[in-house]
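**Student:** All chains should be modelled from the sequences, with the hints used to inform the complete structure.
Here the protein sequences come in this chain order: A and B.
FYI, in my numbering the residues of the first sequence are 12 to 352.
FYI, in my numbering the residues of the second sequence are 12 to 352.
By construction, these hints were calculated from the structure, which means they are not laboratory data.
Copies of the same chain are indistinguishable here, so a pair counts whether it falls within one copy or spans any two.
Mimicking EDC-like on lysine to aspartate or glutamate, the simulated pairs with C-alpha atoms at most 20 Å apart in a straight line are:
1. K275 x D161
2. K341 x D324
3. K341 x D314
4. K275 x D80
5. K341 x D311
6. K275 x D240
7. K262 x D161
8. K262 x D240
9. K275 x E163
10. K275 x E85
11. K345 x E52
12. K345 x D312
Spelled out, the chains give:
Number of protein chains: 2
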Amino acid sequence: MNLRRSHFLRLIAAAGASPLLHTLYHTSTAAPASAAPAATEPLPSWNPGQVKSAITDFVRRTTTPGSPDFIPVEDRIATFDNDGTLWAEQPIIQILAIQARLEMLATADPTLRQTQPFQAALTGDAAYFATAGEAALMQVIALTSANQTDAEFAAQTAAVFETATYPRFDQPVTAMVYQPMQELLTYLRAHAFQTWICSGGGIDFIRVIAQPLYGIPPQQVIGSSLQKDYRAVNGTGQLWRLAEIGRINDKAGKPVGIDLHISKRPVIAGGNVRSGGDIAMLSYSQGRSEVSLQLLVNHDDSDREFAYQEPDDASLNAASANGWQVVSMKNDWKTIFAFQR
Amino acid sequence: MNLRRSHFLRLIAAAGASPLLHTLYHTSTAAPASAAPAATEPLPSWNPGQVKSAITDFVRRTTTPGSPDFIPVEDRIATFDNDGTLWAEQPIIQILAIQARLEMLATADPTLRQTQPFQAALTGDAAYFATAGEAALMQVIALTSANQTDAEFAAQTAAVFETATYPRFDQPVTAMVYQPMQELLTYLRAHAFQTWICSGGGIDFIRVIAQPLYGIPPQQVIGSSLQKDYRAVNGTGQLWRLAEIGRINDKAGKPVGIDLHISKRPVIAGGNVRSGGDIAMLSYSQGRSEVSLQLLVNHDDSDREFAYQEPDDASLNAASANGWQVVSMKNDWKTIFAFQR
Numbered sequence: 012m013n014l015r016r017s018h019f020l021r022l023i024a025a026a027g028a029s030p031l032l033h034t035l036y037h038t039s040t041a042a043p044a045s046a047a048p049a050a051t052e053p054l055p056s057w058n059p060g061q062v063k064s065a066i067t068d069f070v071r072r073t074t075t076p077g078s079p080d081f082i083p084v085e086d087r088i089a090t091f092d093n094d095g096t097l098w099a100e101q102p103i104i105q106i107l108a109i110q111a112r113l114e115m116l117a118t119a120d121p122t123l124r125q126t127q128p129f130q131a132a133l134t135g136d137a138a139y140f141a142t143a144g145e146a147a148l149m150q151v152i153a154l155t156s157a158n159q160t161d162a163e164f165a166a167q168t169a170a171v172f173e174t175a176t177y178p179r180f181d182q183p184v185t186a187m188v189y190q191p192m193q194e195l196l197t198y199l200r201a202h203a204f205q206t207w208i209c210s211g212g213g214i215d216f217i218r219v220i221a222q223p224l225y226g227i228p229p230q231q232v233i234g235s236s237l238q239k240d241y242r243a244v245n246g247t248g249q250l251w252r253l254a255e256i257g258r259i260n261d262k263a264g265k266p267v268g269i270d271l272h273i274s275k276r277p278v279i280a281g282g283n284v285r286s287g288g289d290i291a292m293l294s295y296s297q298g299r300s301e302v303s304l305q306l307l308v309n310h311d312d313s314d315r316e317f318a319y320q321e322p323d324d325a326s327l328n329a330a331s332a333n334g335w336q337v338v339s340m341k342n343d344w345k346t347i348f349a350f351q352r
Numbered sequence: 012m013n014l015r016r017s018h019f020l021r022l023i024a025a026a027g028a029s030p031l032l033h034t035l036y037h038t039s040t041a042a043p044a045s046a047a048p049a050a051t052e053p054l055p056s057w058n059p060g061q062v063k064s065a066i067t068d069f070v071r072r073t074t075t076p077g078s079p080d081f082i083p084v085e086d087r088i089a090t091f092d093n094d095g096t097l098w099a100e101q102p103i104i105q106i107l108a109i110q111a112r113l114e115m116l117a118t119a120d121p122t123l124r125q126t127q128p129f130q131a132a133l134t135g136d137a138a139y140f141a142t143a144g145e146a147a148l149m150q151v152i153a154l155t156s157a158n159q160t161d162a163e164f165a166a167q168t169a170a171v172f173e174t175a176t177y178p179r180f181d182q183p184v185t186a187m188v189y190q191p192m193q194e195l196l197t198y199l200r201a202h203a204f205q206t207w208i209c210s211g212g213g214i215d216f217i218r219v220i221a222q223p224l225y226g227i228p229p230q231q232v233i234g235s236s237l238q239k240d241y242r243a244v245n246g247t248g249q250l251w252r253l254a255e256i257g258r259i260n261d262k263a264g265k266p267v268g269i270d271l272h273i274s275k276r277p278v279i280a281g282g283n284v285r286s287g288g289d290i291a292m293l294s295y296s297q298g299r300s301e302v303s304l305q306l307l308v309n310h311d312d313s314d315r316e317f318a319y320q321e322p323d324d325a326s327l328n329a330a331s332a333n334g335w336q337v338v339s340m341k342n343d344w345k346t347i348f349a350f351q352r
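**Tutor:** So, in structure tokens, the structure goes:
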């Protein structure tokens, strides 16, 4: 319960820091950023250095037949957080989508602008939600992404990805993917690793975009979920999204989600610094009986992306204590976004 | 709630019909039955006829490039029920495992034999559970498969598969797989279908055996689950099995489970006649916008397997109304179990 509340409050807090909604509905077409081909040199958007070497050394050691650290193909599982690890999270893109959906509904029904909690969500009033709590948040979630069929939600989400732009950079939201991480996913798959997303964000939201953006099929996405039931809608059996949380896939919920969907500890796990949300996943990966690799993306590049820390530095402290690789966006990444090339 | 209760009561009812526990711990080694090689003729354990033709025609139409019914590889999802569809369910093998575990615990602590609800579970007293309800069942589940780590449960389950034998046939439980269905799984994978299990049984129980028995990796098993948390056990982060139901993957819960794990309607879905447990899954498959195939195994062979019906014939009526293929074990299967060859 505590976990659930803190997660959504964090989401809404991030929304409060987000820019004006009118930047969302530009008419630009969001072409997915394409990963640069690996060609001869693997990971071309990564600068040479300790982190890049750690990655390529690990993949060589674990995939070369006869190597003492060889890992059978069926165990080559790699899991990655999404927000802040594979794409930008200042603001969180799903929050933009929720606000955009609310804005669209408020255009059709202007009374929403004077009705709480929708007014607070539309204006990014984090203080309201800090007081009103989970019930208020569920009202927003219910209005924007529950009480509808899965197919309706997917169509609505696809429309967001086709039209929404990201503040500060004024780029399609789909351009906010980190090119070095796209390359890493491709590189791992070329070595027969299964690449999975394990995100605190909504499982069905990410599934709409995971294949075109990351080359990850929907069945390899793990995330937070609503309860659903199966019911007849217009004469056909449909999945119906209930206004009730199923599972929150954050912090200690990530190993639980990985177990539910994969039931193996990941050989490689990647997360990022912000909320301590990935510490449990990385420690779960490291707890496997054979070799493993943990990556922690640090947002230290205010020029090309953002610079922000955790209040308590828990993720960086865990990385230091456990020998996880800290990826400095500033130093380890030659290119961050394809549009910056 | 209703679904949950009826499911477990049904499981325990099945346990009541199961034979004596002393047949369980024979010293035989359970070698997984191997699927007969497909060689030139596909599905050699299937008799020629309308059902076999429907399967091979469907696979040819959907996997031949240029065919109007061609299905892209990423959408070739096939889901199968387990108990009664892939292996025998009279009695349900997981119930044998639960009773065997209880028997082992009662040997160490004989007071369990005089303590309810364990006494009722040990003696297969279905009437007791019909009165005592869900709380009593959860006590049995908790003692036998909760309040321990995932690793402990997996080891315990593996031991069952290595030692337990199946009543009536006096075979290792792993020999109770249907050879025609093993062939079908292999045949589908040879045509780039992903084969998944979608069972009312326990997800972690089936995952122990799915790869060696069916060639299905653990991440392609969907089933009923307990709640878990991630906690430190002896200094390492472990998944801990709580004595609390997570999800019941039966009846309308099957489309919900498929959506959670795959998020696509199956192209092929297979279930069986007994409890109506697969009707929703088969209708969910048929609800996809393109072509699909539904198979319903009918247990009509008292000589080689078992003959039993549903009280209300709901599954057969649904098959008839919707054009699902009814697989007669008696007529469509040349061989049922490998040990009968």
